[in-house]
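Here the sequence shown stands for residues 12 to 125, where the numbers follow my numbering.
Since the hints were derived computationally from the structure, they do not count as laboratory data. Model, not experiment: these values are computed from the prediction. Note that the Cβ used here is the ideal one computed from N, Cα and C, for glycine as well. Honestly, I wouldn't trust all of these hints.
Stated by the list, open to error - Label-pair restraints from in silico Cβ distances:
| id | residue 1 | residue 2 | range |
| --- | --- | --- | --- |
| 1 | E66 | L24 | 22 to 28 Å |
| 2 | S62 | R112 | 45 to 51 Å |
| 3 | T58 | P18 | 43 to 49 Å |
Stated by the list, open to error - Taking lysine-lysine and the DSBU-like style, the derived pairs with C-alpha atoms no more than 35 Å apart in a straight line are:
| id | residue 1 | residue 2 |
| --- | --- | --- |
| 4 | K97 | K82 |
| 5 | K52 | K115 |
| 6 | K97 | K115 |
| 7 | K82 | K115 |
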Amino acid sequence: MSTYQPPFVVTPLILNQVIEIGELMGHWAAMAGRASPLLRKENRIRTIQASLAIEHNSLTTEQVTALMEGKRILQILSNQPGRSAKSIAEECEISARTVERYLKALQLKHCASL
Numbered sequence: 012m013s014t015y016q017p018p019f020v021v022t023p024l025i026l027n028q029v030i031e032i033g034e035l036m037g038h039w040a041a042m043a044g045r046a047s048p049l050l051r052k053e054n055r056i057r058t059i060q061a062s063l064a065i066e067h068n069s070l071t072t073e074q075v076t077a078l079m080e081g082k083r084i085l086q087i088l089s090n091q092p093g094r095s096a097k098s099i100a101e102e103c104e105i106s107a108r109t110v111e112r113y114l115k116a117l118q119l120k121h122c123a124s125l
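Based on the sequences and whatever the hints tell you, model everything.
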């Protein structure tokens, strides 16, 4: 068995930095399962937009976000039909005007299907 001699001297400072790096890597590995909800949402939007682009659909990330928010608005309305656009907007963290546009589009779609 040969003994490898690195081209540098392992000093206490270097050893402490290696230990610190190892601790940080352990911390990051433990946090990997706890991605923030915002980060997960952003990644999901990007994934959907990229999948659509592969299929030659030119929706932007903003349009994908709007579609996802529309689904959320529908969920809220199905559970609590009497809620105002303002309260839905606050819960979804979007403008009340955006909620009103979704509601108007849903009404038009519903009328067209009758």
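Each hint, compared with the structure:
{"no.": "1", "hint": "E66 to L24: 22 to 28 Å", "verdict": "violated, 54 Å"}
{"no.": "2", "hint": "S62 to R112: 45 to 51 Å", "verdict": "violated, 25 Å"}
{"no.": "3", "hint": "T58 to P18: 43 to 49 Å", "verdict": "holds, 45 Å"}
{"no.": "4", "hint": "K97 to K82", "verdict": "holds, 17 Å"}
{"no.": "5", "hint": "K52 to K115", "verdict": "holds, 25 Å"}
{"no.": "6", "hint": "K97 to K115", "verdict": "holds, 14 Å"}
{"no.": "7", "hint": "K82 to K115", "verdict": "holds, 14 Å"}
The structure shown violates the earlier hints numbered 1 and 2.
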